[in-house]
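K.L.:
Given the sequences, and given the hints that come with them, work out the whole structure.
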Amino acid sequence: MSSDVLIPLKRIEIVIDEEALGKLLGLLRTAGVRGYTFINHAGGLGSRGERRPDDYGLEEKNAVVILACEEKQAERLIMTLRPRLKEFGGMCLISDCQWVIGPAVSY
Amino acid sequence: MSSDVLIPLKRIEIVIDEEALGKLLGLLRTAGVRGYTFINHAGGLGSRGERRPDDYGLEEKNAVVILACEEKQAERLIMTLRPRLKEFGGMCLISDCQWVIGPAVSY
Amino acid sequence: MSSDVLIPLKRIEIVIDEEALGKLLGLLRTAGVRGYTFINHAGGLGSRGERRPDDYGLEEKNAVVILACEEKQAERLIMTLRPRLKEFGGMCLISDCQWVIGPAVSY
Amino acid sequence: MSISSLLVPAILFFALGMFACIVKSDLKFPPDMHKMVVIYLLIGIGLHGGKALSTSNMADALPAVWAALGFGIGLPIIAYIILRAIGRIDPLNAAAISAHYGSVSAGTYMTAVAFLGGIGVTYEAYPVIMLAIMESPAIMIGLVLAGYSRKILGGAQKGEKGMMKHLMIEAFTNGSILLLFGSMAIGAAVSEPSYHKIEPFFETIFMGALCLFLADMGMEAGKRLSEFKAVGLFLVGFGIVMPLIGAFFGLVVGHYYLQYSVGGVTLVTVLAASCSYIAVPPAMRLAVPEANPSFYLTLSLGCTFPFNVVVGIPLYYAAAQYLAGQ
Amino acid sequence: MSISSLLVPAILFFALGMFACIVKSDLKFPPDMHKMVVIYLLIGIGLHGGKALSTSNMADALPAVWAALGFGIGLPIIAYIILRAIGRIDPLNAAAISAHYGSVSAGTYMTAVAFLGGIGVTYEAYPVIMLAIMESPAIMIGLVLAGYSRKILGGAQKGEKGMMKHLMIEAFTNGSILLLFGSMAIGAAVSEPSYHKIEPFFETIFMGALCLFLADMGMEAGKRLSEFKAVGLFLVGFGIVMPLIGAFFGLVVGHYYLQYSVGGVTLVTVLAASCSYIAVPPAMRLAVPEANPSFYLTLSLGCTFPFNVVVGIPLYYAAAQYLAGQ
Amino acid sequence: MSISSLLVPAILFFALGMFACIVKSDLKFPPDMHKMVVIYLLIGIGLHGGKALSTSNMADALPAVWAALGFGIGLPIIAYIILRAIGRIDPLNAAAISAHYGSVSAGTYMTAVAFLGGIGVTYEAYPVIMLAIMESPAIMIGLVLAGYSRKILGGAQKGEKGMMKHLMIEAFTNGSILLLFGSMAIGAAVSEPSYHKIEPFFETIFMGALCLFLADMGMEAGKRLSEFKAVGLFLVGFGIVMPLIGAFFGLVVGHYYLQYSVGGVTLVTVLAASCSYIAVPPAMRLAVPEANPSFYLTLSLGCTFPFNVVVGIPLYYAAAQYLAGQ
Ligand SMILES: Nc1ncnc2c1ncn2[C@@H]1O[C@H](COP(=O)(O)O)[C@@H](O)[C@H]1O
Ligand SMILES: Nc1ncnc2c1ncn2[C@@H]1O[C@H](COP(=O)(O)O)[C@@H](O)[C@H]1O
Ligand SMILES: Nc1ncnc2c1ncn2[C@@H]1O[C@H](COP(=O)(O)O)[C@@H](O)[C@H]1O
Ligand code: NA
Ligand code: NA
Ligand code: NA
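Chains as they are written, first to last, in the numbering used here: chain A, 123 to 229; chain B, 123 to 229; chain C, 123 to 229; chain D, 41 to 366; chain E, 41 to 366; chain F, 41 to 366.
These are calculated hints, taken from the structure and not from any lab test.
Treat each hint with caution, since some may be false.
[What the hints assert, rightly or not] Cβ pair distances, simulated, as ranges: (1) C:I223 <-> F:G194: 22 to 32 Å; (2) A:E141 <-> F:D66: 27 to 37 Å; (3) E:G272 <-> F:Y297: 55 to 65 Å; (4) B:R151 <-> C:I223: 38 to 48 Å; (5) B:E192 <-> C:P205: 21 to 31 Å; (6) D:K205 <-> B:P225: 21 to 31 Å; (7) D:M208 <-> B:P130: 38 to 48 Å; (8) B:T202 <-> D:A270: 17 to 27 Å; (9) D:G127 <-> A:E141: 49 to 59 Å; (10) C:G154 <-> D:G127: 47 to 57 Å.
Idealized CB from N, CA, C, for every residue including glycine.
P.N.:
Structure, rendered in structure tokens:
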């Protein structure tokens, strides 16, 4: 498809403890991010063992954050995020994607 | 891995207002899409500001739709979707992926 | 970005019936996977028709599993999963991604 | 029976829910609230039934069991024949739909109980046993009809035996059925003073909670109205005629065979006329994946349930009165 | 009125919720629980109101309707002028905030009912009509004010007509309003014995359930406290002064025009003083997307609601007593 | 005490839930429903306790406070010694498990209240204070034991001080504890007529709502049965023996030191014998991340809770009767 339909961007996918979501989103906003999507109530396995959102007695929830942004922005973001990752728990993945140009610009 | 295990496809990821999900899925079905996955109750930030699914007094929810399909189908889909994006709100990303061939074909 | 910040991995995305999630995660753990994330309560369309998580009278839910791992591990995983896909229902996608090196290693 | 007897709050709340849906209101009850209310109502009806049964003669309950089995087996076969012969519905959809009509709707039953309570009519303890029993046999018959249909269609008889066993187990471990049977057992087992401790929760406030349930059911029924066109005129008509056929058998069995009072006959008739939307849909989805769920759900939730709640219950009561010569 | 009259359980639970939030407790009620309790309370207040109205003279209700419309139109205009002239708030935020003050808070109304009940004061049946009516007109006025603001700003008048019609429909099909009106109609329609069947659920346990609601509202209000700094001193002050202005009009209208008893005047005053957080916020988000939701939500949930619940209600009651010369 | 006294509805519903799980029924209560019921029950027990305390002599409450602290500190140490010396459980898991046994289970306490109510036995007002107090000290002791364990293991003493302060704050701002203390304060503060307004909700229907809670707990306990194999025979045995050891101290303290009636001694014994599954598990997950949560959750939910509910409560009551020489 032609470049007036698609723009190449980076797709960042972060999984963190749900309690830390507020802090992470604040961080993203101060970093000048113009768009993100988050999904709460996720579960998972990681270096700290299993986290189950529906476990009785020990409810541990993750949040998944998806973010499309320009490569430069992505690099800056990762440098900001890396030192905080331990506090937030979780992981951060990056991949290539293409943004379908629409009426609104929020990347 | 050999090509009898994996098929290259396009992965489309759409984020829209949850209320518009029904319309979008209808559109996808009439466009001949054979498979999609959706997750409700997501939140986000975009050109219209923050949307928080658990905010008291102002609950605004997004839906995330994930779709694997052939490149041609993807191109057609995007052309159908683009003019409607404003009405739905949200964003649309495309990336490459590979489908693990299984017993059922739904792409 | 330099390779001491990012590690290239495979991103596996699986959509299955929510009831089968426990079995799938058990399979992943016995296959030696060190990290995964899952989201419950998803809906979708596939070879078995629509599955709606909020439908009254017929609630059918999917689970989305996201997994970052090394290419070798991914290949082994897919070979383990393929024969079971029918039982679980659903689909499995693979794509490239990069893992942002953090304090914990769980891929 | 005056018009005011129809103004049972529960039924008015059903109408309010349906109205909200028709005027496209954004009124929505949380799905978990509906599940909670259903759990509560099933336990309440079970406890009450168990308590009533504990003071009844259990030998007298046997005819009710036979009647329940008779309905569960007979009504789906009648429904299947009508759907195939008159409606020319394809065999597998016919099988899936039929199964629903051999089963019952606890919501309709509870509305009937509220209706009778509202006009001060008493009833026997046995119909609640029928309610608990009838959910399961219809599922089996549905599977048999589906097997028969596949034979007609020349399809493979893939593992019907295994499926039958699987569904039998599912039918008896189904959450709603288990809750109903379990609460009946508890209601029958506990002592009078113990029962009094839980009575305020499970009996005194029951009728109010039923209003919440019916308001939500009204919205669910309203949502299904939009699918009437896709389902087709014949099936929509079937969703109204079939409960009447069931009601006919219910009246006859209740009055002549079981020889219950007017209230009891009304309840038996409601059981025969009603149509499942709890245990049967998921069972048919599993057993007859070829059938279109939108058909049976629309019939059950969009046609038969509203018809029974609004028109059926007073009609069946009037018929029971007529039979009793009152 | 002694200090002990302030120790209404509902208000104490509000304080407990706020305290939990301030000490950063992890106490959290499930969001669906809050929705359930709200649905239940709205139906309860509607049924009760409808029942009371069915035995009242409906002609006497007309002045209440006029008063409700007057508040709904007048108060937002006053609020807008204050916000623009004194606070120099930008026009669109001023419009969105104003609309909230022409509307009402059912939660504040119910707390007032609990307060009056706790000290044994009776009241007229009509204020509940005002509660049901007042949610909508303020939304329209909000839209008019926003249109006027856009004209000042020289912006395009993009489809205001269509929006007006859309919002009118939304206002009347809004779930909460529909539930309230519907329950009032049902409460008025059902017979005495029918009503008694659902009374234990919707009346007897009502005051207890209200405690759960207010505990949760306390937590919501507490959460908003942290946004006071972003909202600014002027607006926080406005969130306390505006209900007093509304209360002034409420007292005057309630006492001199409607000529209600002390209890009735208190309720009318509470309606005028309270501020919506149910129907108006989503309507303003749609109609005035340029306005910052954090402003109106913080004012409504973080300032005006707590002020009315803790300080306002007893104050308005004292003023109503004073006016009545007691 | 006849067998029929065991047929308390709440306990039968627990058995029903467990049965549903064992026969692999798809019965499932919405998680939010469970949270709602727990919130409701905690408030109910708190209000009731606060009301009772307001008419009691607060000086007499002091021994109960000492007893609570004694249990909270002493029982985890005993548990730790047993786990280490006899079971050879690794130190950190031993520390995490021990903490649970110094704490309490509000669900077990409420079941005991239902049991005593069912057989018409009265009890003192003070045990509810112990219930509210005991959740916290055990968490501190758990942290101390974990620190001691880490010293044995030669691990780094990473920021134990900070963690202690953090956990102290968490323990006192924990939602359930705050709700319990807050409701006790409200129950003590409100006037008699105010209390009567909320009594139908928080007292009259309490015992019925407890049934829903216990049915769900039965399912949770049932789920944990499958983990018995992974947890090992010793620990499963410990989950039954440890409550008996706690009960021994509870009986002695309740009878000789506190000198309560049979009902009061039973409640004190239940508190000592029971084991937390609300505040302690998340605290231990944070404080002792090296411990396996499946161990302490299985012991608490899968062994000790069911044992106490089904066997323990009547046993402790019988023992209390024996001590009292009845
Ligand atoms: N390799 C992985 N793939 C997908 N998700 C992961 C992976 N590793 C960690 N996670 C997610 O990140 C969460 C926190 O990880 P951790 O902080 O390492 O315990 C886990 O609960 C998972 O949801
Ligand atoms: N750059 C982005 N990355 C991820 N999600 C986005 C992005 N931009 C917008 N969104 C999502 O799309 C929703 C609607 O966007 P908008 O219509 O621009 O307000 C937002 O609430 C986000 O969930
Ligand atoms: N092409 C596709 N793209 C995205 N999701 C799919 C696709 N095909 C199937 N799925 C998901 O997998 C689930 C099960 O598929 P199936 O077993 O084929 O019915 C569906 O309900 C969808 O959520
Ligand atoms: Na039937
Ligand atoms: Na107002
Ligand atoms: Na203990």
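K.L.:
Would you mind marking each hint as holding or not holding in the structure?
P.N.:
Hint check results:
no.: 1; hint: C:I223 <-> F:G194: 22 to 32 Å; verdict: holds, 30 Å
no.: 2; hint: A:E141 <-> F:D66: 27 to 37 Å; verdict: holds, 32 Å
no.: 3; hint: E:G272 <-> F:Y297: 55 to 65 Å; verdict: holds, 59 Å
no.: 4; hint: B:R151 <-> C:I223: 38 to 48 Å; verdict: holds, 42 Å
no.: 5; hint: B:E192 <-> C:P205: 21 to 31 Å; verdict: holds, 25 Å
no.: 6; hint: D:K205 <-> B:P225: 21 to 31 Å; verdict: holds, 24 Å
no.: 7; hint: D:M208 <-> B:P130: 38 to 48 Å; verdict: holds, 45 Å
no.: 8; hint: B:T202 <-> D:A270: 17 to 27 Å; verdict: holds, 23 Å
no.: 9; hint: D:G127 <-> A:E141: 49 to 59 Å; verdict: holds, 57 Å
no.: 10; hint: C:G154 <-> D:G127: 47 to 57 Å; verdict: holds, 56 Å
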